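Student: Sequence:
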Amino acid sequence: MVTGIKVVDLLAPYAKGGKIGLFGGAGVGKTVLIMELINNVAKAHGGFSVFAGVGERTREGNDLYHEMIESGVIKPDGEGSKAALVYGQMNEPPGARARVALSGLTVAEYFRDQEGQDVLFFVDNIFRFTQAGSEVSALLGRIPSAVGYQPTLATDMGNLQERITTTNKGSITSVQAIYVPADDLTDPAPATSFSHLDATTVLSRQIAELGIYPAVDPLDSTSRILDPRIVGDEHYRVAREVQKILQTYKSLQDIIAILGMDELSEEDKLTVARARKIQRFLSQPFFVAEVFTGSPGKLVDLEATIKGFDAICKGEYDHLPEAAFYMVGTIEEAIEKAEKMAKDAA
84 MVTGIKVVDL LAPYAKGGKI GLFGGAGVGK TVLIMELINN VAKAHGGFSV FAGVGERTRE
144 GNDLYHEMIE SGVIKPDGEG SKAALVYGQM NEPPGARARV ALSGLTVAEY FRDQEGQDVL
204 FFVDNIFRFT QAGSEVSALL GRIPSAVGYQ PTLATDMGNL QERITTTNKG SITSVQAIYV
264 PADDLTDPAP ATSFSHLDAT TVLSRQIAEL GIYPAVDPLD STSRILDPRI VGDEHYRVAR
324 EVQKILQTYK SLQDIIAILG MDELSEEDKL TVARARKIQR FLSQPFFVAE VFTGSPGKLV
384 DLEATIKGFD AICKGEYDHL PEAAFYMVGT IEEAIEKAEK MAKDAA
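Using the working numbering, you'd call the opening residue of the sequence shown number 84 and step up by one each time.
I should point out that these hints are in silico values taken from the structure, not numbers from a laboratory. Bear in mind the structure is a predicted one, so any value in this text is a computation, not a measurement. Possibly wrong hints are sitting among the right ones.
[To be verified] Once the Cα atoms are required to be at most 25 Å apart in a straight line, the calculated BS3-like pairs of lysine-lysine come out as:
hint: 1; residue 1: K126; residue 2: K158
hint: 2; residue 1: K99; residue 2: K252
hint: 3; residue 1: K381; residue 2: K126
hint: 4; residue 1: K99; residue 2: K352
hint: 5; residue 1: K99; residue 2: K165
hint: 6; residue 1: K352; residue 2: K327
hint: 7; residue 1: K252; residue 2: K390
hint: 8; residue 1: K381; residue 2: K352
hint: 9; residue 1: K352; residue 2: K420
hint: 10; residue 1: K381; residue 2: K99
hint: 11; residue 1: K126; residue 2: K99
hint: 12; residue 1: K390; residue 2: K327
hint: 13; residue 1: K381; residue 2: K423
hint: 14; residue 1: K397; residue 2: K352
hint: 15; residue 1: K352; residue 2: K390
hint: 16; residue 1: K397; residue 2: K423
hint: 17; residue 1: K165; residue 2: K381
Let the sequences and hints guide you as you build the complete structure.
Tutor: Encoded structure:
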């Protein structure tokens, strides 16, 4: 399933009929990423999409509804609509919030089984489902388990996740935003959902602080289908090469912080320069963030993504400044930006 988002398509590709988790702390861009996926995938998909807003902001739900009407995914008269929205927002009692994810899933199952459709199922936010379960559990007087969560945490999560599946009639591909309390991925709530997922996209505060959006951590994010038998040898090779360069850069950061760049060998200096270009090239302007960034959104196809990163890894663009790779779509745009920067400097 191609999303048009470079970092996702290259390093943690999504499988059709799979379960995808977007992990991140407060304010690193989970909702923006899920909105961009709705924009890129749901609009091009042509099938039905179901969005379950579980314990999140009412404003975001309202914005999404109006955006979908504007783009024609939802028709106000009901005829020809392609999306169903199910909400149990922050202001609802815990019973409603604990059940709304399951209600949304029932709608998705109906489209899959009765209409024979390939359904996209978006959930924002799975953590709030767990949180609501823990509130209900406390009201029922159950003894809490680790960190105050309900004793039935794994069962509740299993009940939800195991229903998201593909049958011979159709498929459900789910994208779930998962809030990570205090940026701690070992917290029981996000940790319980890890085992159910096919692809994990981890959003990192350190990357967001560098101003790189989407703030996806390329070394922490994983996908079950990043396998040469599925994605092909070239894609796999480029993805692993990118990860290798970024990992080398990460391990050199302590040396750079203490001794500076001058103490590195020539080979390491080259690796660091390429890693910084890759890091910036992994950023991309989003359609849903046009209002904030002022730059038009970019959708990059898989072939262009692989080609661009392959060329950077091979050193074909070592002569270009790293700023040219920031917030562009394809490698051609980066070259164009570099030429413009050179012209402006002259």
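Student: Against each hint, give a clear statement of whether it holds in the structure.
Tutor: How the hints compare with the structure:
Of the supplied pair hints, the one linking K126 and K158 holds, its CA atoms being roughly 13 Å apart against a limit of 25 Å. Annotation: proposed proximity of K99 to K252 holds, straight-line Cα distance about 14 Å (limit 25 Å). For the suggested pair K381 and K126, the alpha carbons sit about 15 Å apart, so the restraint of at most 25 Å is met. The hinted pair formed by K99 and K352 fails the criterion: a straight-line CA distance of about 40 Å is larger than 25 Å.
At most 25 Å may separate the alpha-carbon atoms for a hinted pair to count; K99 and K165 meet this at roughly 18 Å. Between K352 and K327 the CA atoms are separated by roughly 15 Å; this keeps the pair inside 25 Å, and the hint holds. For the given pair, K252 sits about 36 Å from K390 by alpha-carbon distance, which is inconsistent with the 25 Å threshold. Note on K381 and K352: the hinted pairing is violated, with a Cα-Cα distance of about 31 Å set against a maximum of 25 Å.
Taking the CA atoms of K352 and K420, the gap is about 24 Å. The hint holds against a cut of 25 Å. As the CA atoms of K381 and K99 are separated by approximately 22 Å, the hinted pair is consistent with the 25 Å bound. Using a Cα cut-off of 25 Å, the hinted pair K126 and K99 holds, with the two alpha carbons roughly 16 Å apart. Restraint check for K390 and K327: the C-alpha separation of about 17 Å stays at or below 25 Å, so the hint holds.
Between K381 and K423 the CA atoms are separated by roughly 19 Å; this keeps the pair inside 25 Å, and the hint holds. Restraint check for K397 and K352: the C-alpha separation of about 15 Å stays at or below 25 Å, so the hint holds. A distance of roughly 23 Å separates the Cα atoms of K352 and K390; the hinted pair therefore holds under the 25 Å criterion. A C-alpha spacing of about 24 Å is found between K397 and K423, which places the hinted pair at or below 25 Å, so the restraint holds.
Straight-line distance between C-alpha atoms of K165 and K381 comes to about 23 Å, which keeps the hinted pair within the 25 Å bound.
In terms of the numbered hints stated before, the structure departs from hints 4, 7 and 8, listed from lowest to highest.
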